[in-house]
Amino acid sequence: MSGHSTAGHSSPLKKYFAVWIALLLGTWLTYQASLLDLGRYNAAVALIIATTKALLVTLFFMHLKGASEKLLKLVVASTIFFLILLLALSMFDYGTRSFS
Amino acid sequence: MAAHHHHHNPALLHHFATEQQQRDSASFGMWIFLATEVMFFGGLFCAYLIYRHWYFGDFAAASTSINAKLGGANTAVLICSSLTVVLAIWAAQTLRRSLMLLMLVLTMLFGAAFLGIKGIEYADKFHEHHVPGASFNFDHEEIPNHPGQYAEPRHAEIFFALYFIMTGLHALHMIIGLGIFSWLFWAAWKGRFTPEYHTPLEIGGLYWHFVDIVWIYLFPLLYLIDRHK
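Line order of the protein sequences matches chains A and B. Here the numbering used here is used: the first residue of the first sequence is 3, the next is one more, and so on. Here the numbering used here is used: the first residue of the second sequence is 12, the next is one more, and so on.
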């Protein structure tokens, strides 16, 4: 039924180790990218890598991928929605004020 | 699954119809708790974004003073601990008792290593007088890539306040996580977890992974502002 169910038909070990390696590579990549001068895109690159890593952790380590509960996915989606609402609306205000 | 209705599993509480329902309810509750945690840390990330936007150069100077190698090492340590958590759960699901116990111990060792490295980092900041307060000092610190321009100490102090609050709250979560995993180890040692019932491992694991995710964002945001030459 769900990814975290007790059935052991196919071993998830390969997947776990692949995600682990990808996360370590992502960390190395984050550090290396911060040493390059990408102008205004340094922060964007760092956040894209971080979000990719966070997705890997939630989908495969926290078993969001394959979760049977639709309610659970709703909780996750609304969490992301309200977090973005908080950050985006705050920045629309503070980021566009004319005083410095 | 249906067979469990007939001979009752002692781990199945009477107000749940099936074990699957009980498991789903437990993880649903945990995800709701994690949603409140996201909003809790979200407020701090919001404060960070606003001040970083206003005082970017001062934030870059303050960020560059932190040892990014230690922060990077700590990121790797946490990622390894997340792997040992999923391996512990896998071991419980496949009846590998000693592997499960070993993975729980390794998780706690990684967690302790994280806190140790964090302690070294904090000690550096104390020696450099970078802790906000009466002895704070950040005079004549150049803004990266702006020779001759110096950071405004009061603005850098805001960075360090956010740095200590965010990493401090994260470290507090790690300490609570170590407490949870000590209990999980004790329960695993007692033989409480079976392939059919190991919900506490999965719930504790969700918490541990969440704390890892917070760090995945803290690392680039606090340690790697404008590091390039």
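Bear in mind the hints are in silico, worked out from the structure with no lab data behind them. Every residue, glycine too, gets a C-beta built ideally from N, C-alpha and C. Hints are supplied without guarantee of correctness; some may be wrong.
[Said to hold, decoys possible] Here are the in silico distance ranges between beta carbons for each label pair:
#1 B:Phe147 with A:Ala20: 39 to 49 Å
#2 A:Leu87 with B:Gly202: 25 to 35 Å
#3 B:Ala87 with A:Lys16: 14 to 24 Å
#4 B:Ile43 with A:Ser13: 28 to 38 Å
#5 B:Leu113 with A:Arg42: 45 to 55 Å
#6 B:Pro21 with A:Leu76: 50 to 60 Å
#7 A:Ser13 with B:Asp135: 36 to 46 Å
- Task: Find the hints from earlier in the document that the structure breaks and name them by number, from lowest to highest.
- Result: 2 and 6
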